Structures are given as C-alpha cells and as structure tokens.
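**Q** Number 50 marks the last residue of the sequence shown (my numbering); no jumps.
These aren't lab readings, by the way, just hints derived from the structure by calculation.
No experiment lies behind these values; they were computed from the predicted model shown.
Even for Gly, the Cβ is constructed at its ideal location relative to N, Cα and C.
Mixed in with the good hints there might be a few duds.
Unchecked claim - Here are the simulated distance ranges between beta carbons:
1) Gln43 x Glu17: 28 to 34 Å
2) Arg13 x Met42: 31 to 37 Å
3) Arg13 x Ile41: 26 to 32 Å
4) Ser10 x Arg40: 17 to 23 Å
5) Glu17 x Asp44: 29 to 35 Å
6) Leu7 x Met42: 22 to 28 Å
7) Arg5 x Gln43: 30 to 36 Å
8) Lys21 x Met42: 16 to 22 Å
9) Asp44 x Arg4: 37 to 43 Å
10) Arg4 x Ala39: 18 to 24 Å
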Amino acid sequence: MFARRRLACSFCRRSNEQVAKLVAGPRVYICDECVAIAARIMQDDGANTL
Numbered sequence: 001m002f003a004r005r006r007l008a009c010s011f012c013r014r015s016n017e018q019v020a021k022l023v024a025g026p027r028v029y030i031c032d033e034c035v036a037i038a039a040r041i042m043q044d045d046g047a048n049t050l
C-alpha cells in the first residue's frame, strides 16, 4: 500500500488541507495566499522593474 504524502506550501508551510489551492512546481509548492502576497509585493515594487 502507498503512503499518502502530505503536501505543504514551501513558503508558509501550511498543508494542502489548510489552503484553498496549492500550485506545484519541481519539488516546490506555493499556496494561493502566498501567491497573493507575492503579487502585492511585485505590484508595490513597480518602480524597480528592469
């Protein structure tokens, strides 16, 4: 029988059971709440774009 792996956000460590959505990348996960925080940071930091 396979063991069920518990997934968690790589940034805030909340489990997939504690968040609405969890996006997977190569060996990394980010939850919807951390995505929203990152989006606000990127938006607020618009003056420092390349």
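**Q** Hint by hint, note whether the structure agrees.
**A** Evaluation of the provided hints:
In this structure, Gln43 and Glu17 meet the distance hint of 28 to 34 Å, their C-beta atoms being roughly 29 Å apart. With their beta carbons about 22 Å apart, Arg13 and Met42 fall outside the hinted range of 31 to 37 Å. Taken as a hint, the range 26 to 32 Å is violated for the pair Arg13 and Ile41, whose Cβ atoms sit roughly 19 Å apart. Against the hinted window of 17 to 23 Å, the Cβ-Cβ separation of Ser10 and Arg40 comes to about 19 Å, which satisfies the hint.
For Glu17 paired with Asp44, a C-beta distance near 31 Å keeps the hint of 29 to 35 Å intact. In this structure the hint that Leu7 and Met42 lie 22 to 28 Å apart at CB holds, the actual value being about 25 Å. Arg5 and Gln43 have their C-beta atoms about 34 Å apart, which keeps the hinted 30 to 36 Å range intact. A hinted range of 16 to 22 Å holds for the C-beta pair Lys21 and Met42, which are about 19 Å apart.
Taken as a hint, the range 37 to 43 Å holds for the pair Asp44 and Arg4, whose Cβ atoms sit roughly 39 Å apart. A beta carbon spacing of about 31 Å between Arg4 and Ala39 contradicts the range 18 to 24 Å that was offered as a hint.
The structure is inconsistent with the numbered hints 2, 3 and 10, although it conforms to all the rest.
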